[in-house]
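Taken in sequence, the protein lines are chains A and B.
Be aware that the first sequence starts at 251, since it is given in our numbering, and climbs by one per residue.
Be aware that the second sequence starts at 594, since it is given in our numbering, and climbs by one per residue.
All clues stand as given, with none of them false.
Under the rule of at most 30 Å between Cα atoms (straight-line distance), these lysine-lysine pairs were calculated in the DSBU-like manner: (1) A:301 - B:707; (2) A:304 - B:707; (3) B:707 - A:423; (4) A:304 - A:350; (5) B:624 - A:350; (6) B:690 - A:304.
Keep in mind the hints are simulated off the structure, nothing from the lab.
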Amino acid sequence: MIRTLYVVLAALFAAIIIHIITILAVPNMAVNDVWHRNVRTASLGQLHIIKTAKDVLDDFPELDPAFAYAMCRVDVSNVPAQLTGSLDSGFWSLAYFDVKNRVQFSLTNQISGRDVQVVLANKVQQRLLSERRDLVDDTAVVITAKEDQGLLVLRAFVEQETERNAIARSLSKLDCSPLWESQVEQ
Amino acid sequence: MRLIWDILLFVVVAAGLGLGSAYTAINHADKLGLYQIGPWMAWPEATSPKADPYTRAQQARQGALLLGAGEGLAFEAIHDDDGTPLDGACQYRLSGKQLPARLWTLSLLNEQGKVVENPSSRYSFHSQSIMRNAGDAFDIVVGPQVLGGNWLQSPQNGTFRLVLRLYETPLTSGGTLSDIALPSIRWESCR
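Whenever a hint applies, use it, and build me the whole structure from the sequences.
As structure tokens, then:
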């Protein structure tokens, strides 16, 4: 009886350890996070546009049907990434989700208006960018990427449904690409 | 034989309780970090890097693209002011005043999380399209019967939920959630 009690107590202690390890491991092992869901819809550096209210909720039920969306998977392990362009929307916001589904950075267009000029760089690359001001536009917002891989999600407000097509077109014209390559192309 | 029995007991209890409690905790993590104002519920820290481990695990599993703190804050309501589940066969009146945001939207989703088809293809209201009463007050009627003015179609059958999103709001940049008054959701009638 005493022996069984010891076994149960030891098992309870092990259960606590298993509980903690499981909770901490889930973000690293999840296959339904934003990164993996977008692996299925768009390749690295390719924009995935969600246009209509129905499409919005079919793809991601938590999104606002009053908006249209552009998503871009980025990897800044070698080169900073940029998202640039101009939108036909009076309000937009941008969030950078890391692979563990945490929002590392988010902003609205309060200062930048219709222009999107965002550069995503890790700390080493940011140091380089601060020394080489010619590599990045003065008006660009430089976001610190704490994780190398992640997802940029741009939400563009559709004030009237008649504007939705034009806003979706302007979203599809955004440039989501590595910063160096685009410098070489210029 | 006794040793095998002890090992089996240890494995079953440790794995069963450890994994089972983790699974249950993650599936009920929405109870953590919940902020409630009347019938409206919000999870301000859900996508924050500072979120608790249970919320982080739940978010990773769901893969939801929730609003970041710099974008805004979303509130959900599945009950009216009296705590009764929102019923598609009933009519409700939402009454509110100016909300602390640069832009706000209100959308209605059915049980499956989809928009409800309606003749005017109206799936949401926003602060720039709403017709206001005197001053900055507004009313929105939610119900199954087609109405003019500020009206959102509810599903003919089943429950639904309302989602109020405040974009660029001071609530996510140091403001106090308890200070704001969100729209009331008052039951009016049922078919």
